[in-house]
Amino acid sequence: MLAVLAQSNVAGVQSFHSDRADVVHEHLSKRLSRHRFDCGRAEPIDARIYSMELGAIQFVDLQYGTEVDVEAQLEDDHFLVHLALDGETVMWADGNRYQLRPDELMVSSPGTPLKVHMTGNCRHLAVRMPASICTDYLGQQLHIPVQRRLEFYPGREGTRELPLVWRGMLTHICGQLQLCPITMGNKRLQRQYGMLLAEVLLGNYCNSYSEQIALHGNDISPRHVRRAREIIHDSVEETISIAALAAQVGVSVRSLQSGFRHFLGVTPLEYVRRHRLEKLHSALMESDGGASVTELMLECGIVNFGRYAQYYRQQYGCLPSETLRKRG
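If you're matching positions, the sequence shown starts at 1 in the numbering used here and goes up one per residue.
It is worth saying that the hints were derived from the structure and are not from the lab. Where hints are given, some of them may not hold.
Here are the computed lysine-lysine pairs in the BS3-like style, where the Cα-Cα straight-line distance is at most 25 Å [what the hints assert, rightly or not]: (1) K279 <-> K326; (2) K187 <-> K30; (3) K326 <-> K187.
Start from the sequences and build out the full structure, keeping to the hints where you can.
Right, dumping it as structure tokens:
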């Protein structure tokens, strides 16, 4: 991918070859993340690295040419998206072990310790994405308040097509850069590509905002999860029984819990809570001042006023009464 651009001498694409571990370590620390690097147990290093920038996004095609172990903890300002191109890579994140085969993908989040083991034939395409691209997309395009840390959950892609879509997107970007490098240098166009990559990740890889993204109509979860969501959205009852909900959609409680956790990152009960908070926030924002907070809560199926007021403050940074007062 990037190697082809480097061979074509496309402006902005850098080619780097080295057999010195210290030089390779320094090079990748600048382009991806600060890390510890160990290749002392294997054959001499033969690193081949190709890199380019698209605005604030860094693309790195990486092969060490020998067996290496890497340990890193990402800074707070970026994510790393790892796409395996060749070989089998072992990665550890959140205490779990993942084996990454060709055309499989994993996202590393800021502050999360990461360990990687690559053999000599392993090759990755790593994308370093500023966290601000994703959080700006949540806030500005989806109008979701970013009140807590955005975190992607390792090994929880929502569809098997995601790595292929991601690779296709990166291939398209590289092709466009080769055909029309001047046009691709346009800052506004680069920002648009950044937002597109953010949409692909946020909508298809389970993260700490997946349930709110689903509330905005971007849901790739299986049928029983989608149907359960529809029932939750249509319900105005004070309580929703998860057992009854599972029976309505024709699955076990365990399957329903598992589906919500895997595709939305929350339990069904947590989803109910978030949905009601979204409804309450919309009602408060649209109020003409004729209804009280309590009345609006009841219309949203909320009866535990004090507890939901605290939930609301955790999600939106203020109490419901403050939102209503500001609207007035």
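- Violating hint indices (sorted, rising): Result: hint 3 breaks, nothing else.
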